[in-house]
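I would like the entire structure built from these sequences, with the hints used as guidance.
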Amino acid sequence: MMKAVLRHLLRNRRRSILTLLAVLIPVYFLVFMFGFTNGVVSDLFTTATRIDTGHFQVRHVEKRGMGSARPLLQDADVWAAAVHEMEGVEWTTTRLDLPALASSGDRSQTVYVQGVIPEEVAPISNIENLILDGRYIRSDDHGAVIGQELSQLLSISVGSDLVLLGAHPETGVGVLKIPVVGIYDAPLSEMGKGLIQVPLETARQLARSPRAATAIVARVEGVTGVGDLGKIEAITAQLAGQLPESLEVVDWRELAPQVKSYMSILGPALTSVGVVFFGLGSLVVLNTLYLAVKERTRELGLIISLGASRGRVIRMFLMEAGVLAVLGSVWGALVGAGLILGIEALGGVPIPGEYGAFARAIGMSTELHLAIRWPQLLLAAATMSLVAILAAWLPAYQASKLEPVEAMRYVE
Amino acid sequence: MSNNPLIQTMDLKKNYITEALETPALRGVSTELHAGEFTAVAGPSGSGKSTLLHLLGGLDRPTGGDILLEGRPMSKLSKDELAKLRLTNLGFVFQAYNLIPVLTVLENTAFVLELQGVVRRERIKRAKKVLAELGIDQYADQYPNRISGGQQQRVAVARAVVAEPSIVLADEPTANLDTAMSLDLIDLMKRLNREKGSTFFFSTHDSRLLDRVNRLITLVDGKVEQDESRDAS
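Chains as they are written, first to last, in the working numbering: chain A, 1 to 412; chain B, 1 to 233.
These aren't lab readings, by the way, just hints derived from the structure by calculation.
Errors might be hidden in some of the hints.
[Claimed, not checked] Capping the alpha-carbon separation at 30 Å, the derived lysine-lysine pairs in DSSO-like fashion look like this: (1) A:Lys3 with B:Lys223; (2) A:Lys63 with A:Lys193; (3) B:Lys84 with A:Lys401; (4) A:Lys3 with B:Lys125; (5) B:Lys129 with B:Lys84; (6) A:Lys3 with B:Lys13; (7) A:Lys401 with B:Lys79; (8) A:Lys3 with B:Lys129.
[To be verified] Only part of the chain A face toward chain B is listed, based on derived beta-carbon distances under 7 Å: (9) His8; (10) Ser305; (11) Leu306.
Ideal Cβ placement from N, Cα and C applies to all residues, glycine included.
Pasting the structure below:
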């Protein structure tokens with residue numbers, strides 16, 4: 001029967017090609033869409049976890065009345081060492097963030113002071129690479145790097161003194177006078193106006209708490225994109241069980257909720273697109289098989305009159321549809337995957353305009369990289385094959401219901 | 001020839017109903033066909049020849065009366081049972097050859113055996129044997145559109161007899177053939193009847209063929225006008 005099915009398909013080349021395309025195009029489009037959105041999500045995830053949050057953080061649980069300050073985590077170095085020792089943790093650093101008032105002469109600006117270990121912070125901060133004037137901070141001095149916008153607001157430059165007035169609800173008010181050692185070119189003006197980086201020890205003095213931090217920031221080994229989220233989940237789950245009640249593990253989902261939101265709408269959006277495309281594809285399959293039944297009334301009447309069962313006639317049509325559906329789906333998936341691989345071989349899709357400039361400024365790739373996830377590819381191809389075969393069932397069933405004598409009269 | 005009829009029709013009636021009209025095609029045909037017979041049904045156009053063949057072949061349902069095939073009433077059979085009956089007990093030859101265009105001569109001949117579930121090697125062997133008996137084995141690998149009308153009709157006969165059915169029904173098998181080819185085909189059917197004992201029942205309006213048959217049933221206006229035995233040449 002398969003031989004006859006293949007010959008039928010070859011005999012009606014135009015119709016077969018049309019059906020093949022009706023199956024191929026939705027699969028190709030979806031595979032490409034998957035690749036594109038995988039790339040966008042991966043870039044969002046990487047950006048969020050690279051420029052600020054890390055893959056997860058250990059923090060003190062939220063307290064009331066903290067305003068914009070975060071509660072202090074005492075003995076932070078002990079906890080940082082414990083997290084760092086965990087299997088699968090690639091990198092950790094300790095950070096102390098607190099709101100402050102930055103002043104010089106008679107000018108002031110509210111800022112957010114980020115106390116970091118300068119030698120460790122590169123995996124989540126690109127400020128060192130954005131220095132316009134002066135140098136980046138070092139652990140062995142008390143200096144600050146400020147954004148270009150803040151230097152203009154306060155009319156200060158490298159070498160000027162900056163007075164920081166830190167007010168933490170747990171420890172009270174701290175005041176420090178430190179020199180500006182560097183000015184950086186912020187990718188966003190709000191960042192340049194409001195973010196100051198100082199060594200961790202300086203921030204601890206400002207917070208009047210020598211062993212404290214607000215977060216232990218960590219990255220997990222082998223995480224290159226959203227396909228590796230399971231590794232983060234495994235470690236955060238393990239760590240959550242080991243921490244005292246006063247501490248919590250916060251993963252990237254909470255730290256970068258915009259990425260989580262985007263991912264949560266992506267699934268339904270892609271499903272909707274898929275339904276529309278699969279629907280259109282199946283309608284074409286339905287239509288072409290109806291035409292096939294019509295064109296072959298003579299032959300069907302003959303086959304039925306010779307004694308073919310209804311099941312045999314249905315099988316015959318479903319096999320024809322199945323061959324086209326599987327071939328179309330596989331080709332569609334290969335064309336989609338080929339296009340993605342081709343684009344990647346050429347270096348990805350350049351990110352245009354200010355988005356590209358922003359990506360460059362924060363040290364991210366200025367190209368969008370499309371990514372193939374093989375389960376998605378298989379899902380798109382298998383779903384379209386199934387939908388096309390289901391669409392073929394109705395005309396196949398109608399063909400099986402043909403009365404042989406009517407079909408023969410049609411012939412004669 | 002056995003005394004038990006292979007097929008028996010009892011007051012067989014068929015009316016075709018259109019929107020405004022009910023047209024009787026058969027008005028009560030009662031007859032018997034026995035195994036080994038070589039019978040023709042003749043009559044003018046509209047006399048009910050094709051209708052009778054369709055009913056005998058289980059391709060259509062009668063309006064009244066019944067058909068007994070080897071004693072079993074066909075009216076009681078479901079659609080699927082009728083399909084099985086056609087597959088195992090009946091062979092068909094149609095006026096327009098009706099070969100499957102995407103299958104070769106050999107595959108067309110073996111098609112009924114394939115429907116019966118005969119294994120490939122066996123059906124190829126049997127189909128080749130029949131093609132050789134009918135003198136068309138040299139066309140085994142050709143597609144139907146590459147051979148003449150007469151050769152196509154021989155293939156149709158090969159397909160009808162390959163599964164050795166109880167009876168071969170042929171509806172105007174020579175209608176599309178010239179005189180020489182028509183006589184040739186009827187002689188071929190006659191040879192199969194004589195040598196293999198195949199039972200044939202065919203319709204024709206060609207009087208030149210009628211001296212080949214053992215029995216002639218003449219239909220006029222849906223009724224048997226004459227049923228005569230003949231000395232075939």
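Query raised in the report: Taken at face value, is the distance from the CA of Lys79 of chain B to the CA of Lys401 of chain A at most 30 Å?
Result: The hint holds at about 10 Å.
Report task. Take a quick look at whether Lys3 of chain A and Lys13 of chain B sit within 30 Å of each other, Cα to Cα. Result -> violated, 42 Å
**Report entry** Pair hint outcome, Lys84 of chain B versus Lys401 of chain A [Cα-Cα no greater than 30 Å]
**Finding:** holds, 15 Å
Query raised in the report: Measuring from the C-beta of Leu306 of chain A to each C-beta in chain B, is the shortest one below 7 Å?
Result: holds, 6 Å
Query raised in the report: Are the Cα atoms of Lys3 of chain A and Lys223 of chain B separated by 30 Å or less?
Result: violated, 46 Å
Report task. Double-check His8 of chain A for me: the hint is only fine if its C-beta lies closer than 7 Å to a C-beta in chain B. Result -> Holds: closest Cβ of chain B sits about 5 Å from His8 of chain A, inside 7 Å.
Requested in this report: Closer than 7 Å between Cβ atoms is the bar; does Ser305 of chain A clear it against chain B? Give me holds or violated.
Outcome: holds, 5 Å
**Report entry** Given hint Lys84 of chain B paired with Lys129 of chain B - CA-CA distance at most 30 Å
**Finding:** At roughly 24 Å apart (the allowed maximum being 30 Å), Lys84 of chain B and Lys129 of chain B satisfy the hint.
Query raised in the report: Is the hinted pair Lys3 of chain A and Lys129 of chain B satisfied, with a Cα-Cα distance of at most 30 Å?
Result: Holds, because 22 Å separates the two Cα atoms, which is no more than 30 Å.
**Report entry** Given hint Lys193 of chain A paired with Lys63 of chain A - CA-CA distance at most 30 Å
**Finding:** holds, 28 Å
Query - Distance restraint between Lys3 of chain A and Lys125 of chain B, which requires alpha-carbon spacing of 30 Å or less - result: Holds, at roughly 19 Å.
Checked against the numbered hints above, the structure violates hints 1, 6; every other hint is satisfied.
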